[in-house]
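Combine the two chains into a complex, taking the hints into account.
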Amino acid sequence: MKAKPIDLEKKAEELRKVVFKTICLSGGGHIAGSLSIIEILEVLYNGILRISPKEPMASERDRFILSKGHAGVSLYAILADCGFFPKEELDRFGKAGSILGGHPDMHKVPGIEASTGSLGHGFCFGTGIALAGKLDKKDFRVFVLLGDGECQEGSIWETAMFAPQHKLDNLVAIIDYNKIQALDRLDKIVSLEPLAAKWTAFGWEVKEVDGHNVTQLQEVLGCVPFVKGKPSLIIAHTIKGKGISFMENVAIWHYRMPNHEELKIACKDLNLEDLQDEP
Amino acid sequence: MRNAYISTLYDLAKADKRILALVADNGAIVYDQFCRDFPEQFLNFGISEANMISVAAGLASCGKIPFAYTISNFITMRPFEQVRNDVCLQRMNVKLVGIGAGFIYSNLGPTHHSVEDIALMRSLPEMIIFSPADPLEARKATFAAAGHFGPVYIRLSAGGTPDIYTEDYDFRVGCAVTLRKGRDVSIVATGGIIYEVLKAVEKLEDLGVSVRLINMHTIKPIDKETILRAAFETKAILTVEEHTIYGGLGSAVSEVVLEEAKIPICFKRLGLKGVFPSGYGSYNEMKEINGLSKEDIIRESKTLIEDKKSLK
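Protein sequences appear in the order of chains A and B.
Here the first sequence stands for residues 117 to 395, numbered as in our numbering.
Here the second sequence stands for residues 1146 to 1457, numbered as in our numbering.
In short, the hints are calculated from the structure, not lab data.
All C-beta atoms, glycine included, are put in the ideal place defined by N, C-alpha and C.
Please note that the accuracy of each hint is not assured.
[Stated by the list, open to error] DSS-like mimics (lysine-lysine), calculated; alpha carbons at most 25 Å apart, straight line:
no., chain 1, residue 1, chain 2, residue 2
1, B, K1344, B, K1418
2, B, K1407, B, K1369
3, B, K1326, B, K1369
4, B, K1439, B, K1454
5, A, K120, A, K170
6, A, K304, A, K314
7, A, K344, A, K250
8, A, K346, A, K254
9, B, K1159, A, K254
10, A, K283, B, K1162
11, A, K283, A, K314
12, A, K254, B, K1162
13, A, K250, A, K283
14, A, K250, B, K1162
15, B, K1439, B, K1453
16, B, K1159, A, K253
17, A, K203, A, K120
18, B, K1159, A, K250
19, A, K253, B, K1162
20, A, K170, A, K118
[Stated by the list, open to error] For each label pair, taking beta carbons as the anchor points, the in silico distance ranges come out as:
no., chain 1, residue 1, chain 2, residue 2, range
21, A, K250, B, G1292, 22 to 28 Å
22, B, G1292, A, I122, 52 to 58 Å
23, B, S1423, A, D255, 51 to 57 Å
24, A, D252, B, G1295, 20 to 26 Å
25, A, P226, B, E1400, 34 to 40 Å
Chain B extracted, bound-state conformation (with noise of 0.2 Å):
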């Protein structure tokens, strides 16, 4: 995801000289071609987030589009204020590009887990979201952020992110992508963890479990219409997230579900649930114990269908 965030930036700033890129010492060897054939569209910071966020929003109130780059809690959550301040509050067209968005940085630790990155630029006004599943989604959500006027936060995994696309697809701001579809119960995830997600619905599938899988690669605006049309037609809706449930895409899927499908469903978010991110290893590993597994998934997805039994 990461190099074909970088490649696509690389296209951009080719065709576009106000396309700038921002890193606060961190892309390294990825950006050798950008640095070398755009020189002065190239600044890097140092490790002064706070400052590249500020000099961003100053950039862009004289016409330029700064993509400012880092690990995604060093982009939204330590410059936070400057993010409110600077950026949304006067409407600038600066892009927040975090890399390594929930464990994808596994043995580094909780310091370097983005679990909250999504809840904090879902409360920002005119803050929209991207949060691509794979490296082609990636491309495309950079080159809907640089067609977009306003921030935009996009939520990266790292390098070498498994392909979930197959083909070339119509990538549509705010309009979630059906990945499978099913009538038991709908799964809606977001970003790297859709390949684990695709693990299970294909286990599922084999169990007999008619699954829907529902790709929600814009998180703010939120597809409504896609949400909606699960709750009525499954009736048992599971996200999936590699963040905490609490103020992540399971409430943004929530808020929509309870204020406007107005029926009985069940409904279940799996993500962290009040705790910090725990444990060393692999990201697989990570998975495991954070209880964002294959088998999680599976396990919860199995109980929403016997809880639906239950519904009048």
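Here chain A stands alone, though its shape is the one from the complex (with noise of 0.2 Å):
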């Protein structure tokens, strides 16, 4: 059943916090490309993706590939948030004996479809999923969520070159469009722009969404495929680091963690009780 997007804005807010609180309390872990996906993970895991916890791997189940892996704690949070693993299981994150670690692993994981890591590489084991499900005759559908920067890899653009030759419209690509990489804006390092019409130009079905929006997230992703017969690709502009006021949009954040003083007002803005800044 579809969520009120008052709940949904209500629940990506506690998932923020449990993000954040997981990272900060593990020592380690990339906090703002996390946040910036916090919305879209709300909203395909609620109501859009027909899976249950119940049966983790029903071959007609649709499936979620985590392209851009280093957000896996996001991923993590939604999965524990859907019953797919206690709760408890964050407090472990990253450490030793944990199913849970910096990138989600397929074979430790229930709920996770791929385990990923090395950028350009879900995106194109997504598509493989969903060839396999047009040669089956299958109607589940792929969802995979790319990084931006993941975009400068070649293979990439290989897949993106495929998935329309074969028809995949079985398969709907979200780009993360926060527009910083690891040590810049993307548009000074290497641009995507123009990011839509080169997709377009792919032979892909093109739209683009305020990726905190989980109105407009709840409409796209609804209404897939756009077109029968091709992929669906959705531009998610996004903030890096989203809620936390000192990290929106600055690109040193992609990895590193906050001081004591930070801590601080990281919590303050999330809402959330004061973090010991030693796990």
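Below is the structure:
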């Protein structure tokens, strides 16, 4: 059942806290790039994806692949929220014996469809699943979330050409277009623009949304494929580090961890009780 | 070998719809019959090997058995990370088939000479490596690959490889074939070069040298028992491979001997010694230029037998 936008916004707020807390208490992770995809995950996992934690390997299930695997904590948070594994596991993130590492492992974590981490792989892997679905005449869909920096990889464009050739309208790619990569803004390193025109030229049907607006996300994700016989691409305009004042749109937060003072501000921004800065 | 592989894949695909033939704009007319009869089981990716391997992994995650085929450098080296992360790390049932191993693409130059592929594939967990010596063995290796759940690399020479086997035999994964029994020196070789080795062995036998010839058709897992028996019984081992001596067959054999035989033996690896393949010409000329001719094999075998006399 489709969740009400107001509820999803509230849930996204909660999820943001969980993600921040999980990373800070473990001592390492990609905070900013995890925070930019929260609403996208909330919408996908609350009414779009046809999946069940009771039967995580059902052959007819929709698949979600986080190709930008370094944002794995956000995926863990939503999977735990949906009941794929106990929420307590999040407290052990990145620690010895945990199933949850900095990048998702399909053989360890229920609900993870592909082990991602090296950029440019998850998208092609997901395309293979979509192709298998077509060959077997199954009606599941494959949703792949890509980083914008990841789109600099050549393999992304190999699949971008391949999927329309095979009319994979069961494939939906979402680009987390926060416009910042590890070291700087994309347009200062290797620009993707004109992004929509490029994908359109490759044979994709493209829509653009505000990646933090749950109503827009629900609308656009609820009407895939946009065109029968064509793969769908959603360019989600997002803010890297969304929700934390000093982190938003600042490149150094790709991997950096906040110091004592910054931690206090972040907790205030997120309406979260103070965290101790030493795990 | 190429035709034997494709006709075997045809038979496999006919019996099992999960079998898929994947190519990267390579294979040309030899796939014609396959395409005609099983169009839904054939996919040409164009020149995009990274995509082909990752898509193959995705297909395998849904129960398909993809056989991804192109020139051996381009199936093992170019998409190496896709093979590592998407196929091996995720334990996907994907088969890689590399054509033109070693110097087969003789005058095309070093970009097309596949002389590091064994080393690369050997370094990957889960990966099984078959390196057949002739068309019959290529056929058997292809059946074995389909029957094994998990990543497999099949290293093939091109078309027109001469027959080694004159009769059918029981191909077993990880069990080397002793083609000649002998006691003076053991030669362990793999792949299409075995034809050259056989010519050398025949010459050595004419000269009164008793050679044990072992065809290591499975490089990983390697047949330790056969290697150790050769070490104990002949005390001299020469490995021959159309590949760099670093990380390939010779390395694999030396690891077994050094770690497990625990006896002094004479050992030599014949292959490329830290250089890229050089020269142009025919396949036979390439073997001569790069130190892998019949004469090179004879010379090294004799040297090992001489050296053996100084063993205590």
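Here is how each hint holds up against the structure:
no.: 1; hint: K1344(B) with K1418(B); verdict: 23 Å, holds
no.: 2; hint: K1407(B) with K1369(B); verdict: 13 Å, holds
no.: 3; hint: K1326(B) with K1369(B); verdict: 17 Å, holds
no.: 4; hint: K1439(B) with K1454(B); verdict: 24 Å, holds
no.: 5; hint: K120(A) with K170(A); verdict: 24 Å, holds
no.: 6; hint: K304(A) with K314(A); verdict: 19 Å, holds
no.: 7; hint: K344(A) with K250(A); verdict: 13 Å, holds
no.: 8; hint: K346(A) with K254(A); verdict: 16 Å, holds
no.: 9; hint: K1159(B) with K254(A); verdict: 22 Å, holds
no.: 10; hint: K283(A) with K1162(B); verdict: 21 Å, holds
no.: 11; hint: K283(A) with K314(A); verdict: 18 Å, holds
no.: 12; hint: K254(A) with K1162(B); verdict: 15 Å, holds
no.: 13; hint: K250(A) with K283(A); verdict: 9 Å, holds
no.: 14; hint: K250(A) with K1162(B); verdict: 14 Å, holds
no.: 15; hint: K1439(B) with K1453(B); verdict: 21 Å, holds
no.: 16; hint: K1159(B) with K253(A); verdict: 19 Å, holds
no.: 17; hint: K203(A) with K120(A); verdict: 23 Å, holds
no.: 18; hint: K1159(B) with K250(A); verdict: 20 Å, holds
no.: 19; hint: K253(A) with K1162(B); verdict: 13 Å, holds
no.: 20; hint: K170(A) with K118(A); verdict: 19 Å, holds
no.: 21; hint: K250(A) with G1292(B): 22 to 28 Å; verdict: 27 Å, holds
no.: 22; hint: G1292(B) with I122(A): 52 to 58 Å; verdict: 56 Å, holds
no.: 23; hint: S1423(B) with D255(A): 51 to 57 Å; verdict: 56 Å, holds
no.: 24; hint: D252(A) with G1295(B): 20 to 26 Å; verdict: 22 Å, holds
no.: 25; hint: P226(A) with E1400(B): 34 to 40 Å; verdict: 39 Å, holds
Violated hints: none; the structure is consistent with every hint.
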